[in-house]
Amino acid sequence: MVYDKQTLYKWHANNLVSPSERISDADKKPVGDFHFFNNQWILINRNLPDMMDVTEKKTVAIGEYVPLTEGRQILLDKGQGGRLVVVQLVNN
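For the record, in the sequence shown the residue sitting at position 78 is 78 according to UniProt numbering, with numbers rising by one throughout.
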């Protein structure tokens, strides 16, 4: 579940990184954020060099965004431990 202006960190993009007191300063910086913009949810890539919209088969460059639509698949990190997001929209 996400909310407007929620941030995404390295440990959300890769399961081999864990949020602990030993994490590097670089890994403490946000790598993405979610926004409700122009009546749609989007994910902005702030610092994920491998981010890819698997559904559209295209790279999402740093500074670009991808709309969050039902069933869309977004790869956050191509490396070992990288996570794949599968979007599910729910109205409440």
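Hint data in this document are derived by calculation from the structure and do not stem from the laboratory. Note that the Cβ used here is the ideal one computed from N, Cα and C, for glycine as well. Among the hints, erroneous ones may be present.
Mimicking EDC-like on lysine to aspartate or glutamate, the simulated pairs with C-alpha atoms at most 20 angstroms apart in a straight line are [said to hold, decoys possible]:
#, residue 1, residue 2
1, K78, D27
2, K78, E56
3, K5, D33
4, K58, E70
Label-pair distances were calculated between CB atoms; the ranges are [to be verified]:
#, residue 1, residue 2, range
5, G71, A26, 31 to 39 angstroms
6, V2, E56, 13 to 21 angstroms
7, G79, T7, 17 to 25 angstroms
8, E21, P67, 17 to 25 angstroms
9, D50, S20, 36 to 44 angstroms
10, L84, A26, 20 to 28 angstroms
11, S20, V90, 27 to 35 angstroms
12, K5, N91, 31 to 39 angstroms
13, A26, T69, 16 to 24 angstroms
14, T69, S20, 17 to 25 angstroms
15, D25, P67, 27 to 35 angstroms
16, E70, A26, 32 to 40 angstroms
17, E56, Q80, 36 to 44 angstroms
18, D25, K57, 32 to 40 angstroms
(request) Mind checking the hinted window 32 to 40 angstroms against the Cβ distance between E70 and A26? (result) Between E70 and A26, where Cβ atoms are some 34 angstroms apart, the hint holds.
(request) Would you mind confirming whether the straight-line C-alpha gap from K5 to D33 stays at or under 20 angstroms? (result) Distance ~6 angstroms between K5 and D33 Cα, so the pair holds.
(message) Just to be sure I understand the hint, the distance between the Cβ atoms of D50 and S20 should be within 36 to 44 angstroms; is that true here?
(response) Given range 36 to 44 angstroms: violated, Cβ gap about 23 angstroms.
(request) Take the C-beta atom of S20 and the C-beta atom of V90, compute their distance, and say whether it sits inside 27 to 35 angstroms. (result) Cβ of S20 to Cβ of V90: about 31 angstroms, so the range 27 to 35 angstroms holds.
(request) Take the C-alpha atoms of K78 and E56, compute the straight-line distance between them, and say whether it is at most 20 angstroms. (result) holds, 16 angstroms
(message) Quick check on a hinted range of 16 to 24 angstroms for A26 and T69, using CB atoms only.
(response) violated, 31 angstroms
(message) I want to verify a distance hint. Is the separation of the beta carbons of E21 and P67 within 17 to 25 angstroms?
(response) violated, 36 angstroms
(message) 17 to 25 angstroms was suggested as the range; check whether the CB atoms of G79 and T7 agree with it.
(response) holds, 21 angstroms
(request) Kindly confirm whether 17 to 25 angstroms is satisfied by the beta carbon distance between T69 and S20. (result) violated, 34 angstroms
(message) Is 13 to 21 angstroms respected by the C-beta to C-beta distance linking V2 and E56?
(response) holds, 20 angstroms
(request) Could you grab the alpha-carbon distance between K78 and D27 and see if it respects the 20 angstroms cut-off? (result) holds, 17 angstroms
(message) 32 to 40 angstroms was suggested as the range; check whether the CB atoms of D25 and K57 agree with it.
(response) holds, 34 angstroms
Violation of the numbered hints given earlier is confined to hints 8, 9, 12, 13, 14, 17; the remaining hints are satisfied by the structure.
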